[in-house]
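Engineer: Mind docking chain A on chain P? Use the hints.
What follows is the residue order along each chain.
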Amino acid sequence: MEDRLNKIINKQQKQLSEPDIKSTEEVMQLVGFIVSDEEYAIPMLNIQEIIKPIEYTRVPSVPDYVLGVFNLRGNVIPLIDLRRKFSLDVSKQSEDARYIVMKGQNSIAGFVIDRLTEAIRIRKDRIDPAPETLHKDKGMIYGIGKRDDSILTILRVESLLKRDF
Amino acid sequence: MEDIQEILEDFLVEAFELIDQIDQDLVELESNPEDLELLNRIFRVAHTVKGSSSFLNFDVLTKLTHHMEDVLNKARRAELSITPDVMDVVLESIDMMKALLHGIKDYGNDVDVGIDIEDICNRLIAISEGDEIPTTPSESKAKEETKEEVKEETKQEDEVDVSKLSDDEVEAEIERLLKARKEEDRKRKEAKKQEEPAATSKQASTPKDLAPKAPAPRANQDSTPAKKGAGAVEQTIRVEVKRLDDLMNLIGELVLGKNRLIKIYDDVEERYEGEQFLEELNQVVSSISIVTTDLQIAVMKTRMLPIAKVFNKFPRMVRDLSRELGKAIELEISGEETELDKSIVEEIGDPLVHIIRNSCDHGVEDPEAREMANKPEKGLIELKAYNEGNHIVIEITDDGKGLDADTLRVKALEKGMISEREADAMSDKEAYGLIFKPGFSMAKQVTNVSGRGVGMDVVRTNIEKLNGIIDVDSEFGKGTVIKLKIPLTLAIIQSLLVGAQEEYYAIPLASVLETVRVPVDDIYTIDGKNVLRLRDEVLSLVRLSDVFGVKQVFEGGDTTYVVIIGLAESKLGVIVDTLVGQEEIVIKSMGEYLQGIEGIAGATIRGDGRVTLIIDVAALMEMAKEIKVDIKASINDGTSSKTKPSDYKVLVVDDSKMDRNIMMKSMEPLGVTPIEATNGVEALNIMKSGEHNIDAVLIDIEMPRMDGYTLAGEIRKYSKYKNLPLIAVTSRTSKSDRLRGVEVGMTEYITKPYSPEYLESVVRKNLKLPE
Numbered sequence: 001m002e003d004r005l006n007k008i009i010n011k012q013q014k015q016l017s018e019p020d021i022k023s024t025e026e027v028m029q030l031v032g033f034i035v036s037d038e039e040y041a042i043p044m045l046n047i048q049e050i051i052k053p054i055e056y057t058r059v060p061s062v063p064d065y066v067l068g069v070f071n072l073r074g075n076v077i078p079l080i081d082l083r084r085k086f087s088l089d090v091s092k093q094s095e096d097a098r099y100i101v102m103k104g105q106n107s108i109a110g111f112v113i114d115r116l117t118e119a120i121r122i123r124k125d126r127i128d129p130a131p132e133t134l135h136k137d138k139g140m141i142y143g144i145g146k147r148d149d150s151i152l153t154i155l156r157v158e159s160l161l162k163r164d165f
Numbered sequence: 001m002e003d004i005q006e007i008l009e010d011f012l013v014e015a016f017e018l019i020d021q022i023d024q025d026l027v028e029l030e031s032n033p034e035d036l037e038l039l040n041r042i043f044r045v046a047h048t049v050k051g052s053s054s055f056l057n058f059d060v061l062t063k064l065t066h067h068m069e070d071v072l073n074k075a076r077r078a079e080l081s082i083t084p085d086v087m088d089v090v091l092e093s094i095d096m097m098k099a100l101l102h103g104i105k106d107y108g109n110d111v112d113v114g115i116d117i118e119d120i121c122n123r124l125i126a127i128s129e130g131d132e133i134p135t136t137p138s139e140s141k142a143k144e145e146t147k148e149e150v151k152e153e154t155k156q157e158d159e160v161d162v163s164k165l166s167d168d169e170v171e172a173e174i175e176r177l178l179k180a181r182k183e184e185d186r187k188r189k190e191a192k193k194q195e196e197p198a199a200t201s202k203q204a205s206t207p208k209d210l211a212p213k214a215p216a217p218r219a220n221q222d223s224t225p226a227k228k229g230a231g232a233v234e235q236t237i238r239v240e241v242k243r244l245d246d247l248m249n250l251i252g253e254l255v256l257g258k259n260r261l262i263k264i265y266d267d268v269e270e271r272y273e274g275e276q277f278l279e280e281l282n283q284v285v286s287s288i289s290i291v292t293t294d295l296q297i298a299v300m301k302t303r304m305l306p307i308a309k310v311f312n313k314f315p316r317m318v319r320d321l322s323r324e325l326g327k328a329i330e331l332e333i334s335g336e337e338t339e340l341d342k343s344i345v346e347e348i349g350d351p352l353v354h355i356i357r358n359s360c361d362h363g364v365e366d367p368e369a370r371e372m373a374n375k376p377e378k379g380l381i382e383l384k385a386y387n388e389g390n391h392i393v394i395e396i397t398d399d400g401k402g403l404d405a406d407t408l409r410v411k412a413l414e415k416g417m418i419s420e421r422e423a424d425a426m427s428d429k430e431a432y433g434l435i436f437k438p439g440f441s442m443a444k445q446v447t448n449v450s451g452r453g454v455g456m457d458v459v460r461t462n463i464e465k466l467n468g469i470i471d472v473d474s475e476f477g478k479g480t481v482i483k484l485k486i487p488l489t490l491a492i493i494q495s496l497l498v499g500a501q502e503e504y505y506a507i508p509l510a511s512v513l514e515t516v517r518v519p520v521d522d523i524y525t526i527d528g529k530n531v532l533r534l535r536d537e538v539l540s541l542v543r544l545s546d547v548f549g550v551k552q553v554f555e556g557g558d559t560t561y562v563v564i565i566g567l568a569e570s571k572l573g574v575i576v577d578t579l580v581g582q583e584e585i586v587i588k589s590m591g592e593y594l595q596g597i598e599g600i601a602g603a604t605i606r607g608d609g610r611v612t613l614i615i616d617v618a619a620l621m622e623m624a625k626e627i628k629v630d631i632k633a634s635i636n637d638g639t640s641s642k643t644k645p646s647d648y649k650v651l652v653v654d655d656s657k658m659d660r661n662i663m664m665k666s667m668e669p670l671g672v673t674p675i676e677a678t679n680g681v682e683a684l685n686i687m688k689s690g691e692h693n694i695d696a697v698l699i700d701i702e703m704p705r706m707d708g709y710t711l712a713g714e715i716r717k718y719s720k721y722k723n724l725p726l727i728a729v730t731s732r733t734s735k736s737d738r739l740r741g742v743e744v745g746m747t748e749y750i751t752k753p754y755s756p757e758y759l760e761s762v763v764r765k766n767l768k769l770p771e
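Chains as they are written, first to last, in this note's numbering: chain P, 1 to 165; chain A, 1 to 771.
If you are wondering where the hints come from, they were derived from the structure by calculation, not from laboratory data. Glycine included, each C-beta is placed from N, C-alpha and C at the ideal position. Treat each hint with caution, since some may be false.
[What the hints assert, rightly or not] FRET-style restraints, in silico, Cβ to Cβ:
no.	chain 1	residue 1	chain 2	residue 2	range
1	P	Asp149	A	Glu676	41 to 47 Å
2	P	Asp125	A	Arg243	43 to 49 Å
3	A	Asp35	P	Leu5	26 to 32 Å
4	P	Pro53	A	Ile288	27 to 33 Å
5	A	Ile264	P	Asp149	47 to 53 Å
6	A	Leu250	P	Ser87	41 to 47 Å
[Stated by the list, open to error] With the C-beta cut set under 8 Å, the calculated list includes, among others, these residues of chain P facing chain A:
no.	residue
7	Thr57
8	Arg58
9	Val59
10	Pro60
11	Ser61
12	Val62
13	Val69
14	Phe70
15	Asn71
16	Ile77
17	Pro78
18	Asn106
19	Ser107
20	Ile108
21	Leu161
22	Arg163
[What the hints assert, rightly or not] List time: in silico DSS-like cross-link candidates among lysine-lysine, alpha-carbon distance up to 25 Å:
no.	chain 1	residue 1	chain 2	residue 2
23	A	Lys644	A	Lys665
24	P	Lys52	A	Lys688
25	A	Lys688	P	Lys85
Chain A extracted, bound-state conformation:
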């Protein structure tokens, strides 16, 4: 019963808003009676209120607004001029409408308030019928009559009128259907009540379709005290979406700040281990991080809407479709209270419409076919939503004829979408995926319901846009299950951070199926494509650095990391050089200038303040098809090109000219090329510029501006220098100094004074030069 209360509340909030608007508009209209825009707006208000109130069974209100609509409709078609007399009546009817709405708010229905609308209705009818055009009076009656008659009438009128009339036509049809449905349902309900009284509560919690809701308000309102209804209405505030978006952006900033704070704390902890203030800092950092997370959840929640907003329109759609197609189909909805971010709720509607239409048209069979297959005459479509971790899953199940993988393969072959070889290699699941290809349709003929091969392609694009995954499963003859897995929110997402050479990228975790570490030998090349055999699947492989043209600065080892990404129904293995970890990231746009860069969905700012790009998985998959690099060959190819000792460059970092000279003298017999730097900052700049390809570094510890330890630490931050020999040459000899050297990543530790031969041999050893 709660959902009815909710709908009622929504209706009232909306209606009062509309009425505020209509008052202003009407006043303006009186002074400006020719303004069509204004008239249209007022007409729409009456129309909307009428639609909603008839849905909620407020017959009195419906009747009133219906007559208002008639008058206004004529006015906006210039068949009736708005004279002050007419205006008086219209205004009076608006007041009446307001009174009725207040009545609904207070009593929960439009009868108890005791307003008689007969008089005003008659006057409205008089206005509308006292018209010069003789054909129109029948129009209002026609609405109550059948659809066909209205159609006939409209044919005689011009095109604009047809489009306008069809509004009413639809309206009339809704009314008629609802009434019929109500009757039907009331009967069924009564029958059910008698049979199994216990079942009613169950039915209430999982409403089977729209119809049980329609008669409900009465029953509900009768039992609910009037006060409660009124109180509940005032407990909600309507807030502009923009404000919520702004709030969400601010929270995004806060999350980034939090990430940064945690990172800084880690650094500080390392440096000042055991200090008193660390504990305090830790407390502050963790409490801020908890509050930020809570705040983020709270704000996210304000943006959440129950998926019922989308689901609610389907019962009618299925009903109409089943009538149109001559099939008996029942729609069962569950989990409509599951909540989703507003932006996603808006996007999810279209794909669901297409899927359900498809299920009705292609899934569920004709009654005869169903009988032959020993199935109940009535087909069943289940629409289910539930949470799964950070995702919401929407499941659409039908008990229809299911998908036949073989027929799909043949059809795709006929249309030239796949080659014969591909068809043979295709698993059943992959074959089901074919239905999402643009232009693919299994329908023998194009109906106005489906069969153009567009719908499912739309589904795929929309779901991909939401970073969602589609999973199709089917059993021939038994039915089909389509599962949509969609992230809860779009602004802040979980991501997997990966490294490609020196660059880092974030992959939306929703698209990551798994990560594996594989030996290079397991990569095969078939038809110029790189593939990986993983368990019983064969996956295409691509190197991230090839897709994004990352500068190759170091070679990988014998094994490599593969991130398996999946989107909608396809999969791809992406080779990366490092896996950094999972992180919560905030998606930021790269601005107008860099919008829509292929393969990049946006950017985020990491804890260290750097910008990391977020991969657009759908685009990446497309781009991967164009990449033709023999991965295995290029990995094995990476042998060193250094042939003579002078190709080796050794960076000598010391602030004393004499010390540098001693070191260089000692290395002279080796024949390597020395490069000098007088302090850490200078050395780091030389390394960063990439001008020289440094093979080893000799580092003094005591230096101005940046000391040797810091320098070593900085150098080690670059993954291409992970294995670069760093040799400390220093007069600091204590054990703790040596340990510090090891900690920051020094490879060797030479204490001054040293013999030239010793230095020479250490350098030789580290450069792997022959004796």
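Chain P with its partners taken away, still in its complex shape:
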């Protein structure tokens, strides 16, 4: 009995001390979307839900990319316009626009995007770290995913949810 227990404990410890042994083969699940004309993706696990645009209330004394707050089934959630946040062309909201509600460690916010594309599965070894030159985004980019026919900008949800004003 004792031996068996020890074996299990050893095994667990081994797993603890040698993490991510298979990480190169691990698959990341992402959700892709379009902001202005560019395609971005975020990890699926960071998404609480995706909803159709609803009315929001403007909040004063905030940067213009913070559109305001909206009511998500009784919770008051900030709404951030990714086009403005990324200084992209702000055209009119299309029929396909959605709010992606993302949650991080202890904050939550809705982000306006122009269109959803698809759910993406990508192997971790096909994700390159963000190029150093992309300094100005201050770590907003998690990495660049290489796909057969295109490349994908994967965003870091934690830094999207970080207040920078």
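Structural biologist: What follows is chain A alone, placed relative to chain P:
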């Protein structure tokens, strides 16, 4: 006598909880004798029980815990190692303590249970004295002796020990004081009893200070049957605050749901007037709304604590202060049974401490000065709490020297806090408000009681945080009254909903003093500041839409609404465009991301599901100082910039292309710019997008997706379109159709077929174009 019973119950509940803890800890300690954290925890338990029991006059228990404390104190300072032998004695004493507590629970005192603690005490003393360090045995004796001696001793020891010893020092002092006080009081009480036997009952209901409580348990317990005491203890349950908070949050959701239900019912009632099911729906809605309100009150009540929790510590504080300052001061407390939400009780303590300290230090004079002023030698501070509507008022009154408005003005001028002009314009009441300014102090010298000019500023910030109001009144030479008005609860508040252009904001009703409607001509500009003369007061004015940068979409009329807000001691007039009404709102946080936005205290969800922001009145007042807009000029400035007919835009809504063309043809002679929409939804989107500045709308009634009536109703929901001409153009000619048109807010009703000239003239008239 009830409060004593309550204190006793609290003590027992707490003590038993602590004992449960101590048992576990002691067992752990035996296997892990070096764990300082554990030792400290056990020491604190003994210490707490000792403190409370001496307060409640349980001498036997006090003595036992006192000796336990000695041993444990040495152990945690590593002057004594915990050997199993020592542990045995400690455990035995814990058991004894438990037995004593059970005795108290059953009999109401610690004597009747008949436990002899002499033996165990002697053993505890032996342990503590059988120590290697020779100076320590005197320590336990020193406690019983005077403060000064203890101090002398501690000087020789290192710093850590001083801080530890001061605990005991305080403890010893409390004991000594209590004993002295008890004696004093017993004598006084006896004297009083002889003089006026009737007065005793009165005194019981309004205890004058802590002291009468101290000797009370004995008397009380003797008369109370043991069974009753035991039963009462079990009638309370301790619940984690978090659970109550969760419950409160859920109730908050329910209140919002209720608001929403009522709103929906109103809408339904309008549409299906006279229908059978309405009555049933009405019954359900009203019963749910009543139950929700009751539930809210019930849950709020579970969170309520008597303010006595805070008040109880003041008698001692005043006593100490009066000794320290060499003044004779009596504290009279009343209304300590008044209940307040737990979170507020926690916040209110500090401000009260500062106010009372101030009253003692600056308010009440020296005995000599009092004699000169023909006042009784003993100064009196009254601490009073009572309910007033949805608020609780705490009043602190002293019969001291009062505030001198002129001296305050001079002092503030000296310190450069106000200009000479401001000083002249200042009313006495405003001058009293100066005492709350940071850095302001009237004390000639800084004592360790007060005089740093910090205390009252703390009071103001704390009270503002609670959405409370401070009111100071004083008569020079007679005394000062400080009134704190605080809302009963923080989670659900009454608010005044106001509109600034298209946006709505909620102002906590506690901060709203009044609302007035004033003609624009009554607003004056002085030194670039907008002011309003209201009765005999001059108020600063600010437009809400200026503070929050609200987009200007329509102009106000000749009169405007002003909401007068007051917080602590200052006032401000806020100009709003609409007053929506009073509503009960639930404060919700806007999350980590939007925390601490200037001027916004939080958000709430309204009956229609929209989010409305709640104004942080204190911040708003600060922000208002930065706003420099000439309100009057900007109101009068708002004249139309349209010069030629093509600047006017008319929205033509009809699903038939031919009909739209006919209408546009008819308007051609006017030269206005037509914009087309094929149904109500499209039209509404055009209006909402704000891309075009629409001046009139021609609406067909029969349309797919959204008909003309609904469209008109939707458009009218926007206050900027309140006066927009809506012209129905339809073949529906019946009287009821016309009436429906009027109801939804149509300005004109043109029936098909019509002559082009007629349509032209109607549009011209509504756009106020020249012939």
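Engineer: Does each hint fit the structure? Answer for all of them.
Structural biologist: Now for the hints, and whether the structure bears them out:
1. P:Asp149 with A:Glu676: 41 to 47 Å: holds, 42 Å
2. P:Asp125 with A:Arg243: 43 to 49 Å: The hinted range 43 to 49 Å holds for aspartate 125 (chain P) and arginine 243 (chain A), with Cβ atoms some 48 Å apart.
3. A:Asp35 with P:Leu5: 26 to 32 Å: holds, 28 Å
4. P:Pro53 with A:Ile288: 27 to 33 Å: holds, 31 Å
5. A:Ile264 with P:Asp149: 47 to 53 Å: Since the Cβ atoms of isoleucine 264 (chain A) and aspartate 149 (chain P) sit about 50 Å apart, the hinted range of 47 to 53 Å holds.
6. A:Leu250 with P:Ser87: 41 to 47 Å: holds, 42 Å
7. Thr57: holds, 4 Å
8. Arg58: holds, 6 Å
9. Val59: holds, 6 Å
10. Pro60: holds, 4 Å
11. Ser61: Given a least distance of 5 Å, the restraint on serine 61 (chain P) holds.
12. Val62: For valine 62 (chain P), the interface hint holds, since the closest Cβ of chain A sits about 6 Å away, which is under 8 Å.
13. Val69: holds, 5 Å
14. Phe70: With Cβ-Cβ at 6 Å, under 8 Å, it holds.
15. Asn71: holds, 5 Å
16. Ile77: holds, 7 Å
17. Pro78: holds, 5 Å
18. Asn106: Holds, about 6 Å.
19. Ser107: holds, 4 Å
20. Ile108: holds, 6 Å
21. Leu161: It holds, given that the least Cβ distance between leucine 161 (chain P) and chain A is near 6 Å, below 8 Å.
22. Arg163: holds, 5 Å
23. A:Lys644 with A:Lys665: Roughly 19 Å separates the two Cα atoms, so the pair holds.
24. P:Lys52 with A:Lys688: holds, 17 Å
25. A:Lys688 with P:Lys85: With a Cα-Cα distance of about 23 Å, the restraint between lysine 688 (chain A) and lysine 85 (chain P) holds, given a limit of 25 Å.
Checked against the numbered hints listed earlier, the structure breaks none of them; every hint is satisfied.
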